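Taken in order, these protein sequences are the chains called A and B.
Note that our numbering has the first sequence beginning at 117, numbered continuously upward.
Note that our numbering has the second sequence beginning at 4, numbered continuously upward.
Bear in mind the hints are in silico, worked out from the structure with no lab data behind them.
Hints may be right or wrong, so weigh each one.
[Unchecked claim] Each pair of labels, with its calculated beta carbon distance range:
{"no.": "1", "chain 1": "B", "residue 1": "V84", "chain 2": "A", "residue 2": "A159", "range": "24 to 34 Å"}
{"no.": "2", "chain 1": "B", "residue 1": "L136", "chain 2": "A", "residue 2": "L182", "range": "46 to 56 Å"}
{"no.": "3", "chain 1": "B", "residue 1": "M4", "chain 2": "A", "residue 2": "D194", "range": "19 to 29 Å"}
{"no.": "4", "chain 1": "B", "residue 1": "G71", "chain 2": "A", "residue 2": "D196", "range": "43 to 53 Å"}
{"no.": "5", "chain 1": "A", "residue 1": "S228", "chain 2": "B", "residue 2": "V54", "range": "19 to 29 Å"}
{"no.": "6", "chain 1": "B", "residue 1": "W83", "chain 2": "A", "residue 2": "Q251", "range": "21 to 31 Å"}
{"no.": "7", "chain 1": "B", "residue 1": "L10", "chain 2": "A", "residue 2": "L224", "range": "47 to 57 Å"}
Fair warning: this is a prediction, and the values are worked out from it, not measured in the lab.
Just so it is clear, CB atoms sit at the ideal spot from N, CA and C, and this is done for glycine as well.
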Amino acid sequence: MLLLAGFVCGFIFGLGLLISGMTQPTKVLNFLDLFGAWDPSLAVVMVAALAVSGVGFAVVKQRAPLLAPRNQWPSRTDIDRPLLIGSALFGIGWGLVGLCPGPALENLATLSPRVIVFVSAMAAGMVLHDFWQIQRYAHAELATAGAADG
Amino acid sequence: MTTFTPLSAAIGGALIGLAAVLLMLLTGRLAGISGILGGLLSSSRDRAWRVAFILGLILAPVAGTLAGYPMSAPAMPASWVIVIAAALLVGFGTRLASGCTSGHGVCGIARLSTRSIVATVVFMSSAIVVVALTRHMLGG
Numbered sequence: 117m118l119l120l121a122g123f124v125c126g127f128i129f130g131l132g133l134l135i136s137g138m139t140q141p142t143k144v145l146n147f148l149d150l151f152g153a154w155d156p157s158l159a160v161v162m163v164a165a166l167a168v169s170g171v172g173f174a175v176v177k178q179r180a181p182l183l184a185p186r187n188q189w190p191s192r193t194d195i196d197r198p199l200l201i202g203s204a205l206f207g208i209g210w211g212l213v214g215l216c217p218g219p220a221l222e223n224l225a226t227l228s229p230r231v232i233v234f235v236s237a238m239a240a241g242m243v244l245h246d247f248w249q250i251q252r253y254a255h256a257e258l259a260t261a262g263a264a265d266g
Numbered sequence: 004m005t006t007f008t009p010l011s012a013a014i015g016g017a018l019i020g021l022a023a024v025l026l027m028l029l030t031g032r033l034a035g036i037s038g039i040l041g042g043l044l045s046s047s048r049d050r051a052w053r054v055a056f057i058l059g060l061i062l063a064p065v066a067g068t069l070a071g072y073p074m075s076a077p078a079m080p081a082s083w084v085i086v087i088a089a090a091l092l093v094g095f096g097t098r099l100a101s102g103c104t105s106g107h108g109v110c111g112i113a114r115l116s117t118r119s120i121v122a123t124v125v126f127m128s129s130a131i132v133v134v135a136l137t138r139h140m141l142g143g
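Taking the hints into account, I'd like the entire structure generated from these sequences.
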């Protein structure tokens with residue numbers, strides 16, 4: 117059941133990205149291009165997604181999930197350097213190509229060689245990060261690294 | 004050149020929000036794609052639902068194609084160096100920041116998380132600067 121739930125949620129998420137046009141890097145880059153022919157569509161996507169998830173999260177916040185023992189809400193509230201530097205680096209990559217992780221994965225369906233290379237390098241960047249973290253905290257307690265935001 | 008598509012953007016956005024709420028309601032997990040993929044790549048034990056989610060994500064356009072709405076290959080930079088460098092930055096950066104457009108930009112802001120609001124402002128700003136530089140300053 118957990119697998120089916122994951123699949124259905126991924127599928128609905130994918131339909132959302134597809135229908136909104138956010139799988140097209142050009143449309144994303146045209147949103148980020150404030151000094152060109154600006155396409156505000158991404159802002160509408162975010163507002164609509166936030167309206168539904170804001171209300172929905174408030175409703176499901178206190179109840180236990182149906183298929184798992186407990187909700188895993190992110191717990192961190194601090195603004196630290198990794199958050200700022202990581203976000204800045206992510207933004208540079210996003211601005212260069214117009215793909216963030218969701219649309220990048222979804223575009224694998226087109227079997228485009230450039231997308232396959234992009235997703236492979238993106239995964240390599242993630243593994244590189246984990247490897248670097250393990251090296252950094254080799255002698256410290258990994259448990260103190262904290263929970264991820266998602 | 005793309006045109007402003009408010010209706011499809013609103014419908015698509017609402018579906019993204021719905022998927023995030025459903026995932027939390029059913030599995031108790033946050034729909035952050037970099038977290039889902041990152042957890043799959045690290046030594047995390049609960050890999051199966053992550054694979055299922057990503058499979059659903061990839062099969063959505065396949066269903067669209069079967070329904071008569073084929074997805075065209077995305078426009079990507081000609082330079083392989085830029086493709087690979089950008090992808091490394093996206094992968095490393097989202098893991099360092101513990102989230103991407105979905106985890107921070109949608110789920111985090113929906114929870115009114117200050118961390119996520121700051122992260123979103125930072126990655127949007129740096130992306131806007133990069134696009135301004137590549138499209139208008141460097142003539143790309």
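(request) Evaluate the given range 19 to 29 Å for the C-beta pair formed by M4 of chain B and D194 of chain A. (result) violated, 42 Å
(message) Against the range 46 to 56 Å, how does the distance between the Cβ atoms of L136 of chain B and L182 of chain A compare: consistent or not?
(response) holds, 47 Å
(request) Return holds or violated for the Cβ distance of W83 of chain B and Q251 of chain A against the range 21 to 31 Å. (result) holds, 28 Å
(request) For the range 47 to 57 Å, tell me whether the beta carbons of L10 of chain B and L224 of chain A fit it or not. (result) 27 Å Cβ-Cβ, so the 47 to 57 Å window is violated.
(request) Using the Cβ atoms, figure out if V84 of chain B sits within 24 to 34 Å of A159 of chain A. (result) Roughly 31 Å apart at Cβ, these two residues keep to the hinted range, so it holds.
(request) Could you say whether the range 19 to 29 Å given as a hint is met by the Cβ separation of S228 of chain A and V54 of chain B? (result) holds, 22 Å
(request) Could you see if the CB distance from G71 of chain B to D196 of chain A stays within 43 to 53 Å? (result) holds, 48 Å
When the structure is compared with the earlier hints, violations turn up for hints 3, 7 and for no others.
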